[in-house]
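*Asks:* Here is what each chain is made of, one letter per residue.
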Amino acid sequence: MRLPRWLALAGLIALPGCTDTPYYEKKDLGRRLMQFDANDLEVSYQNKVTTSREVSGGRPGHSAGGGCGCGN
Amino acid sequence: MRQLGPKSPVPSPTSAGTLAILLLMAATAQAQEEKQMPKAVERRAEADTARDFVRLAFNFYDQSDGGGNEHLKEDMTVLEPQILVSKAIGEKWTGTVKLQADIISAASVDKRYRFAPGTQSGASGDKFFGIDAGAFYAWSDQTTIGAGVSFSTEYDYRSLGAYAKWTYSTASKNDTFVVKASGYFDTLDLILFDGSEPGTDDRRSLSLGLGWSHVIGPRTVGTVNWDVTSQSGFLSTPYNSVVAAGTEVQEVLPDSRLRNAFHVRVRHLLVDDLAIEGGLGAYFDDWGATAFNVELAVHWEAIPEVLILRPSYRFHAQTEVDSFVSDGATSIPEERTQDSDLASFTSHTFGLKAIFPHARFLSDDMELEIGLDFTIRSDGLDSFGVTVGYVWRY
Chain S
0 MRLPRWLALA GLIALPGCTD TPYYEKKDLG RRLMQFDAND LEVSYQNKVT TSREVSGGRP
60 GHSAGGGCGC GN
Chain H
0 MRQLGPKSPV PSPTSAGTLA ILLLMAATAQ AQEEKQMPKA VERRAEADTA RDFVRLAFNF
60 YDQSDGGGNE HLKEDMTVLE PQILVSKAIG EKWTGTVKLQ ADIISAASVD KRYRFAPGTQ
120 SGASGDKFFG IDAGAFYAWS DQTTIGAGVS FSTEYDYRSL GAYAKWTYST ASKNDTFVVK
180 ASGYFDTLDL ILFDGSEPGT DDRRSLSLGL GWSHVIGPRT VGTVNWDVTS QSGFLSTPYN
240 SVVAAGTEVQ EVLPDSRLRN AFHVRVRHLL VDDLAIEGGL GAYFDDWGAT AFNVELAVHW
300 EAIPEVLILR PSYRFHAQTE VDSFVSDGAT SIPEERTQDS DLASFTSHTF GLKAIFPHAR
360 FLSDDMELEI GLDFTIRSDG LDSFGVTVGY VWRY
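Just so you know, the sequences run in chain order S and H.
If you're matching positions, the first sequence starts at 0 in numbering that gives the first Met the number 0 and goes up one per residue.
If you're matching positions, the second sequence starts at 0 in numbering that gives the first Met the number 0 and goes up one per residue.
Heads up, some of the hints might be wrong.
Stated by the list, open to error - Taking lysine-lysine pairs in the DSS-like style, the calculated list, with each CA pair at most 30 Å apart, reads: (1) K91/H <-> K126/H; (2) K25/S <-> K352/H; (3) K126/H <-> K25/S; (4) K26/S <-> K91/H; (5) K25/S <-> K172/H; (6) K179/H <-> K26/S; (7) K179/H <-> K25/S.
Keep in mind that the hints were calculated from the coordinates and are not lab data.
If we strip away everything but chain H, and leave its shape as in the complex, we get (with noise of 0.2 Å):
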């Protein structure tokens, strides 16, 4: 019979032993846990963070003419090719270079039908080649800088273009900062609608954009972006004309825009497999133009690691440019222009995109993506892409 008394500050044998069980199990357990743990994380796609890649795309866009401009059949396909390729160079060092290619079949000038076979305008047949190469220094952990430059080319315009990058997050990298300059610095064949060509001129385009991220919850981002462009020189589109009080001439726009966009956009994951995201955008510029837009996207992966689904609406709104010449027009001011891009219009964009993060049936390595969108505008220039992409990360 055991006795009863002050309890012994030494377990007794029997209690330790239930105690080491007791310890076992739960170190077991939670060995079971954190092994298990890992396992549901590692089925969901972790961002992608490879330094060493090529991704490719083909997109096609095709706009057909159920309105716009009256007097210009608007339809135009254009098909584009695109290379990315991303090596790391040391820890510290990554470079890129892009590459891409647009072959643009557009009746926009009705140039065929004008002049003589053989003869082209920069729009009725155009392809456009561009490389761009980058180079990106960490700086430090929270630090990272970069600069590239690009050239472009196409049969009435050649571009040279260059920019510099700054990025930096705060230490708990729940703020990142981006400032970023480019400038562009453009020439120009004129080879005006009436397929005259009085000699070449250039544009300049200087930008600054500034950007922030923030992370407002463990499950919610937001960034706000301001970017704003100072252009110079002929910012005309050389083939365009207007037709106003029974003549046709050539589109001319001021020789200076100061245009600023801003955008906010908050992406929040509502449930494991799904994050939703809201942006709006604001725009305006010194040529009376001022642009609204609000984008919904739902990002939705359907089967962890294997499939992810992209469904996406886009509303534009945006006024015309003051020099915009509406058709019943009785005189040709200095400034004017008929461009149905510069018009006043709303739109709708429904977007679908597919992505195999980890196209298991190629390689682990692989990405595959495939998307599709549609726009309704209201002056009739509906258009639709499609995209198909690959990733390899070599």
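Only chain S is shown next, with the shape it has when bound in the complex (with noise of 0.2 Å):
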């Protein structure tokens, strides 16, 4: 059976992911511009605009509905 080809792209992507980057070379990642959801209320504000005008159910990491009466 022949590969996709777009699962062997996705797997030479993701091939380096499976090493272990050593400390001293992660100097980059302690930077603000590499921080995922850093500010707490813009992901609230963020989760409820997209659970109350949307199926799809919130922002990565927060679950759908409850809590509000506008949630879909």
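Put the complex together from the two separate chains, hints included.
*Replies:* Listed below in structure tokens is the structure:
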């Protein structure tokens, strides 16, 4: 069976991620630019807008529904 | 005249002096480099790890009725102030309190034209107030546990919630795993589209969220999230109605729902001052709705330590729920809705945020941010939002 091209490409991209990056190479990851969801209030607001205006279940890491009468 | 011969193992005073000068120069050069390096690093905004801070935000959201459900006026304006206080309690504990209010103005049930002045439904004019208090404990260098409770109230809605969260990082800090469980227990005062009030009902939402963040490389990080939610109870929106077959009836939706959402995001530091982020999201539930979204964002430190710009784009597409009733329907099914947000549509959201991580014109310990976003929906329910935020690290 032939491996689909997109799967092979995804594998190639993911491969470097399987090895641990040593601590001394992580300096750039401590930068503000590299932080996911650093602002709790922003995520909370976006989550509320998303759950009330779409079916899609909220922002990553946040549950859909409950706590607000506007939720879909 | 110098004699040729084997080199003495003891350096001559001249060569020793040269060596000393070279070593000194090398040491000085290294010291200068070390001095300069931190400066170069310091010139970039570092991750905000403050545990003692007050974060304020004010959000404005406005939706215009350019389509959607033709039987409803769907203009809506929301004003939302928020405040989050975080306080370190000793070395291990951190406490947080979040307060939020919504002042909602909407004409979604056209109430003011149907009923006597002074009456209102939950949608025509609403105020939401919510409080969330949490405590987090650093169990070890690798493990943090936390829990919290929440309460919110609206004109016709009250909610009690609780959550617990466990975060574990591997010793190498290359991987972080998060497990979060939450539950909401809501009570609704039923105020139907025709003004009748048949009593109260309840809604339960139980969720489990799993997250995995991974350092893909020295300049690349990724995160994967899966969130599953089980809801039961009264899941319709009380004031929603369905107009079909020449009559108007109450919205009726199933009394249980299982929802799954997956997200993958990758962020890569492309050059020193610019990171790009791509994200994919997929959603499906047992009401027959599926959704897909793509997100792209650029995080650009335009002026080091002074200004970060974040332009973003999000595409969203969703299918309608099985019980969606189209305008031309000739009969009224047992389960039915015409809620525009449960219909099939696509949307494009364009955003721009400006963050001043150290608003030096105020104080080093303050942060300021201003954001704008605009959403174009295929059903005409376009919206825009404005956010102003402020952080004080005390």
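*Asks:* Each hint needs a verdict: does it hold in this structure or not?
*Replies:* Results of checking the hints against the structure:
1. K91/H <-> K126/H: violated, 37 Å
2. K25/S <-> K352/H: holds, 26 Å
3. K126/H <-> K25/S: violated, 46 Å
4. K26/S <-> K91/H: Judged against 30 Å, a Cα distance of about 25 Å means the pair holds.
5. K25/S <-> K172/H: Within the cut-off at roughly 10 Å; holds.
6. K179/H <-> K26/S: It holds: about 29 Å lies between the C-alpha atoms, which stays within 30 Å.
7. K179/H <-> K25/S: Cα-Cα ~27 Å, so holds.
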